[in-house]
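Peer 1: Position chains Z, L and E against the provided structure of chain H, taking the given hints into account.
4 protein chains.
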Amino acid sequence: MTKKANSIFSTEIIVRPDDIDLNNHVHFTKYLDYFLAARYDQMSRCYKVSMEEFIGMGYNWVASQMTINYKRSLLLGDVAIVKTQWDSFNGAQVNVNFWIYSKKTNKLISDGFGVFTLIKSDSLRPVRIPQEIVEKYLI
Amino acid sequence: MTKKANSIFSTEIIVRPDDIDLNNHVHFTKYLDYFLAARYDQMSRCYKVSMEEFIGMGYNWVASQMTINYKRSLLLGDVAIVKTQWDSFNGAQVNVNFWIYSKKTNKLISDGFGVFTLIKSDSLRPVRIPQEIVEKYLI
Amino acid sequence: MTKKANSIFSTEIIVRPDDIDLNNHVHFTKYLDYFLAARYDQMSRCYKVSMEEFIGMGYNWVASQMTINYKRSLLLGDVAIVKTQWDSFNGAQVNVNFWIYSKKTNKLISDGFGVFTLIKSDSLRPVRIPQEIVEKYLI
Amino acid sequence: MTKKANSIFSTEIIVRPDDIDLNNHVHFTKYLDYFLAARYDQMSRCYKVSMEEFIGMGYNWVASQMTINYKRSLLLGDVAIVKTQWDSFNGAQVNVNFWIYSKKTNKLISDGFGVFTLIKSDSLRPVRIPQEIVEKYLI
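Residue numbers (my numbering), protein chains in the order written: chain H, 7 to 145; chain Z, 7 to 145; chain L, 7 to 145; chain E, 7 to 145.
Everything labelled a hint here was simulated from the structure, so no lab data went into it. Among the hints, a few may not be true.
It does not matter which identical chain is meant; a pair holds if it fits inside one copy or across any two.
Below are the DSS-like pairs computed for lysine-lysine, each with C-alpha atoms no more than 30 Å apart in a straight line [to be verified]:
(1) K54 <-> K109
(2) K142 <-> K77
(3) K10 <-> K54
(4) K77 <-> K126
(5) K126 <-> K113
(6) K89 <-> K77
(7) K110 <-> K142
(8) K126 <-> K54
(9) K89 <-> K110
(10) K89 <-> K109
(11) K113 <-> K77
(12) K142 <-> K109
(13) K110 <-> K126
(14) K126 <-> K109
The shape of chain H in the complex, shown without the other chains (with noise of 0.2 Å):
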């Protein structure tokens, strides 16, 4: 029996000035910062549950590793198509894989992943992330 792949979503993110450094390419620490970005529409607008429910339930999600390989530059006036998918979790920890592409190209700029850790908002200490929860996001 082969487990299903989780379906992977799509956020664009217009490149901005600000994200712009002294290479004239986007910044590549901004990739990560789009990655989240796209985490966050996503969260609310596809797997129905949104950062600022999380809070409400007393939860926060905060970042535990980060992987990112850099395979080309994505440039001011470009688009980032930034593509995410839950890959796997355990306890409280999930595993998200990230693909960032340029709307003018279609050539993949950037890839990696991130492993993030559900807390309890009070104690700042990590918590099993609810069955409720889980199964909102293995869509």
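Peer 2: This is chains Z, L and E only, laid out in the frame that chain H set:
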């Protein structure tokens, strides 16, 4: 004879998580980044002379002065509606007004104006704005 | 009788690569971030009332207006010398002057002033600056 | 025969208010900016080949991969101690380790490594790291 006011153009900028600061609203300097991003968008889309074209002609625009008033906070999950207007020009400088609204509430978040100076890319010296550029912007 | 001018304090801020923009100098909005960073430093080091203490007392400072003039560029490898001065106050608001110099050239890079408003953290409403705070800042 | 480990150098970076995000700690992407800022500092101060010299020789360094682990939060009012170490190199690429500590608590905040590629500024193509550069970095 009254001077006809120049057009006001509008650009939507999605608030990204990396725009939010320790006070849980958009960081006070990011509004100026939104203003600049809106100008870049409107230069190509509305005035039909993109920043890339200015650079191709051996010119660059640099900020000479910024004045910004903060009225209300813009929050994550909202979209900034950034309106700008070429107010006046004199030699190498233009005066551009801006108003930033919340898309959610339609309320004015921030307003102000910026003075930009046209320079030659090679000498970095100010240069009188060419008449054909002035005409494209007086719309 | 002339009013004695308030003290001018100075903070050094190292230019970081992520402060540099597509024009190969410090991004125009980063000077306001340098101004704010200098204020935080000087609040605790020079005025002996840190931002954390204000927050502990149930207060917060928010930006109400910023005016900044750009004179020269600050480059990577340089250090910003950020001087600030409490100019005047009125009710809930203070007017703070700033000057940013290059440590390498001693030349003035940028100057301006900011208006900050003291608010209550719970109500987010402006509150008259308490007399004991005023006295600590009038040095 | 064991390979002698390369030197670990250290740079202090003051946490600025604009580094703080909606969770009231240093934003997760800013640690990579601290890493890069430390490398720039150490390139000129410790290895005696500054980024400006690389650019003067017609070279540039670009990020090819970043892996970062988040252990603890770094807060406003603290200073990041950023340690980096040239781990290994291969052709056009170097592998650089980093560790970020809190100056206040001495605790490890974050660690990871980056892969940087040397490119020719004109062609933007990777280029084998010259032997004289390698020797300056193997200290």
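Peer 1: Work down the list of hints and note, for each, if the structure agrees.
Peer 2: Hints versus structure:
1. Taking the shortest Cα distances, K54 and K109 sit within 30 Å of each other both inside one copy (26 Å) and across copies (21 Å).
2. Taking the shortest Cα distances, K142 and K77 sit within 30 Å of each other only across copies (28 Å), while inside one copy they are farther apart (32 Å).
3. In the homo-oligomer, the alpha carbons of K10 and K54 lie at most 30 Å apart inside one protomer (20 Å), although the nearest pairing across protomers, at 48 Å, exceeds that limit.
4. Taking the shortest alpha-carbon separations for K77 and K126, only the inter-copy value of 16 Å comes in at or below 30 Å, while the best intra-copy value is 36 Å.
5. Within a single copy, K126 and K113 get their C-alpha atoms only as close as 39 Å, which misses the 30 Å cut-off; across copies the closest is 22 Å, which meets it.
6. In this assembly of identical chains, the alpha carbons of K89 and K77 lie at most 30 Å apart whether taken from the same copy (16 Å) or from different copies (26 Å).
7. Within a single copy, K110 and K142 get their C-alpha atoms only as close as 33 Å, which misses the 30 Å cut-off; across copies the closest is 26 Å, which meets it.
8. For the identical chains of this complex, K126 and K54 are intra-copy neighbours only, at 20 Å inside a copy versus 34 Å across copies, given an alpha-carbon limit of 30 Å.
9. Proximity of K89 to K110 under the C-alpha cut-off of 30 Å is found in both arrangements, the shortest distances being 16 Å within a copy and 26 Å between copies.
10. Proximity of K89 and K109 under a CA criterion of 30 Å is satisfied in both settings, with 12 Å inside one chain copy and 25 Å between copies.
11. For a Cα distance limit of 30 Å, the shortest separation of K113 from K77 inside one copy, 9 Å, qualifies, whereas the shortest one across copies, 34 Å, does not.
12. In this assembly of identical chains, K142 and K109 lie within 30 Å of each other by CA distance both inside one copy and across copies; the values are 29 Å within and 28 Å between.
13. Taking the shortest Cα distances, K110 and K126 sit within 30 Å of each other only across copies (25 Å), while inside one copy they are farther apart (41 Å).
14. In this assembly of identical chains, the alpha carbons of K126 and K109 lie at most 30 Å apart only when taken from different copies (27 Å versus 37 Å within one copy).
Checked against the numbered hints above, the structure violates none of them.
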